[in-house]
Amino acid sequence: MSVRLIRRKIVNAVMLALTGLCTLITASTLLVILGYLVFNGASSIDWNFFTRLPLSPGETGGGMANAIVGSFQILFLAAALGIPLGVAAGIYLAEFSPNSVFSFFVRYTADLLNGVPSIVVGIVAWSVVVVPMKRFSALSGGLALAMMLIPITVRTTEQFLKDVPVSMREGALALGASRWRAVATVVVPAASAGILTGVILGVARIAGETAPLLFTALNNQFWAKGWREPIASLPVMIYTHAISPYEDWHRQAWAAGLVLLALVLFANIAARFILSRGTHAQRG
Amino acid sequence: MSAPASIGVPARKREGVFLQRLKGGDPVAHAIAWLAAASVLLLTVLLVAELWSQSATARHAFGFGFLWSTDWDPNARKFGALPFIYGTLVTSALALLISVPLGVGAAVFLSELARPKVSVVLTFLVELLAAVPSVIFGLLAIFTLVPLVRDVIGPALDKISDVFPFFAGPAYGVGLLTAGIILAVMTFPFVISISREALLAVPREQREAALSLGATKWEATWDAVIPFARLGILGSIFLSLARALGETMAVTMVIGNDPKIASSLLAPGYTIASVIANEFTEATGDLHLSSLILLLLALFLITIVINAGARLLILATTRQGSAK
Chain G
116 MSVRLIRRKI VNAVMLALTG LCTLITASTL LVILGYLVFN GASSIDWNFF TRLPLSPGET
176 GGGMANAIVG SFQILFLAAA LGIPLGVAAG IYLAEFSPNS VFSFFVRYTA DLLNGVPSIV
236 VGIVAWSVVV VPMKRFSALS GGLALAMMLI PITVRTTEQF LKDVPVSMRE GALALGASRW
296 RAVATVVVPA ASAGILTGVI LGVARIAGET APLLFTALNN QFWAKGWREP IASLPVMIYT
356 HAISPYEDWH RQAWAAGLVL LALVLFANIA ARFILSRGTH AQRG
Chain U
691 MSAPASIGVP ARKREGVFLQ RLKGGDPVAH AIAWLAAASV LLLTVLLVAE LWSQSATARH
751 AFGFGFLWST DWDPNARKFG ALPFIYGTLV TSALALLISV PLGVGAAVFL SELARPKVSV
811 VLTFLVELLA AVPSVIFGLL AIFTLVPLVR DVIGPALDKI SDVFPFFAGP AYGVGLLTAG
871 IILAVMTFPF VISISREALL AVPREQREAA LSLGATKWEA TWDAVIPFAR LGILGSIFLS
931 LARALGETMA VTMVIGNDPK IASSLLAPGY TIASVIANEF TEATGDLHLS SLILLLLALF
991 LITIVINAGA RLLILATTRQ GSAK
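Heads up: the sequence lines are chains G and U, in that order. Going by this note's numbering, the final residue of the first sequence carries number 399, and the count climbs one at a time with no gaps. Going by this note's numbering, the final residue of the second sequence carries number 1014, and the count climbs one at a time with no gaps.
Hints are computed from structural coordinates only; laboratory data are not their basis. Take these hints with a grain of salt, some might be off.
If you anchor each label on the Cβ, the simulated ranges turn out as follows [what the hints assert, rightly or not]:
1) A289/G / R805/U: 40 to 48 Å
2) F217/G / A973/U: 37 to 45 Å
3) F388/G / A973/U: 44 to 52 Å
4) T834/U / G341/G: 27 to 35 Å
5) S359/G / E895/U: 55 to 63 Å
Glycine included, C-beta positions come from ideal geometry on N, C-alpha and C.
So that you can see chain U by itself, here it is in the shape it has in the complex:
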């Protein structure tokens, strides 16, 4: 890959080689490409620096207490992050609760059990789903999911609220549950496509050995293939979690925009990303603006840690597979 540039040049004076390289445009091209690569680094540094400096006012005013204060009242100049952290975590957890079983099930079917031709078509459909813009999920959710939760799912869940207290209370349609469901739909394409890759990276011999010992197709999959791919599947879950935490538009459209910590999943809530989307352009004063950016800094830090973890896990499985 890194063959020396002078490979075809016969031994000459060093100066001559340099002049020839300059005529070929090498140093110029090298410099331009280096600048472009450096701009990626610069962009990242800029991102962190801006978030850090723009949130300075709020950081100095509240310190770490910001994270567990529950008051959010811009008029009283009180700002606390806990309702938003709660909303973000609850909606993302709900989303994973729905999308992980569905997604892993579908990935197993697509990579192990389905016929190849069927699998190609269905995988294509799932991958196209990942390309649907988030605002379109939001549009659909407002006009289909919200009435459905308000009139059908909510009242039904309220009946079993003696056993599951977190389904108690009236359903407004908008709220944590609705946001969780739409996030589930938005994350399962990621669970499926990455889990599927992890499963496909499992060596053929694993399956063949299990089948030749008389295992059924499912037993071979469950005992010989899935254990091999579990790190990659875990990685796909982490990656989906990071997407769910940072998802803005669809959630903002159905969450209900109420900065309270509600015990019921049917109640309206608020997430970090959606409070920024809603309040940022109408922020009242520097402290409000700075508090919103501090929220964003917290979100940014959480997502990069989860993303890094996901990448390590995915890398570990695909390497392991291709090494065999």
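Bound-form chain G, shown alone:
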């Protein structure tokens, strides 16, 4: 074996090891994060965390019941606004007019909105809703998150509708169905697993957003009395508790972080599960 060949083999082995090390470091990060959160947060999660209101600094105990409910309220509002709009726009792009100039611009601006830093969306929601209403509110928070959810939903819906074979559309149209019926009863159901996956991933992504809520939903130490009141949410609570100087608030922040991460990861894994089952059903 020549020296040259030995050198080449050594380079091969070294690069395999180096890139493997890169992979090990990056892939293990999630496990480190999860482990550390469980280590710090698990002991603070008790019945009180889910049922009590936060206490003022200095007192020990209390919970984040209002933030958990608040997060779901804001997400509900964002989903109720964002999902129908996003899915309908996705249907338009994929089914009604895929090649028009208008659709090109819609696609382009959806991608643009997807790339906009979330804090920009927060300021725009502030300027459109908070300024005219002269108050921070759950409503503006939901609207800010809806603005982030719409572009995600549009693009994933379009993507999965495009994967539906053209023969299925033609089959429905040949049986005398109108365009709309073909879309509603044949094309969309065929892509439903994919669309559902996209929607779940989108909601999971906005569930952890903090920056858009800072100037819209703000925060609240108590229960919000309605949609026009400032409202607490888990991400904002984690932020305010983490940067506070109080020991007991840090403990609560860890617990809230663990709950939020568990919800987000669960949604992500569930979405993938639905997608893999959905595609199997289509193939089988």
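The hints should help you fit chain U onto chain G, whose structure is shown.
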């Protein structure tokens, strides 16, 4: 894809076809879907218009001088963007310096060198990492990374500061370096997943030809595969840059919030996104508010340009690959 709607309808009077289509609900459904699509356009226009009009006061007061003025003193009504632009660029550059070699290395391993089963599991872990909310990275960084930089990394780097002057000075824990590290962790999932896609889009024949000529696995990857995917890898770097520039929460929690242009990476700094997060709800007066929004407008313009570039690059590679 765009088959005519009247495909199953025998030739009739046009009016009849129209009535039948109306009964089927076509025009209504079409109109509703069009409205939804138009709302996406409207949202974007609204976004730009609001940023433009809300920043008017500051634009008129400072003009382009805003971008290179270094004073930020709300009490004296002096507002300049340079410390924030500096902080944003330095932290993002640091992040890429760490995340690009790590991320591209991992992407090469996952797509070329690892066994498929191992690759699937590890890719899944990396993609889940991309789903972790930024505030959780911030929470972890405050309680782990900040003490680590203050007590271990900072003093160690200070010892080599004769050679690398940008590591000089005391480490507070919070600062540009800490923000850069946490941004690196937040961006490498994007580098990995998009670089990996670009690498997977390289035609099989490239690898097979190189291997059949006697190349080692690494030589085939380095000489035949990576050159083919380099535009896509570049795109993933651009995309990560755009994310790093606009990242708010994690950075705000560890940057130190000091609007100074420090020569040391261990010193506290400030970024565009974090000054807005911190000062917006407590802004003193219209000019302060308007200056913050002008900062945001600058950030917005930079990120959309970088994003557009990234998308073009990614599109160029994946097209090139799938065309073969």
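message: Hints numbered earlier in the text: which of these fail when held up against the supplied structure?
response: Number 4 only.
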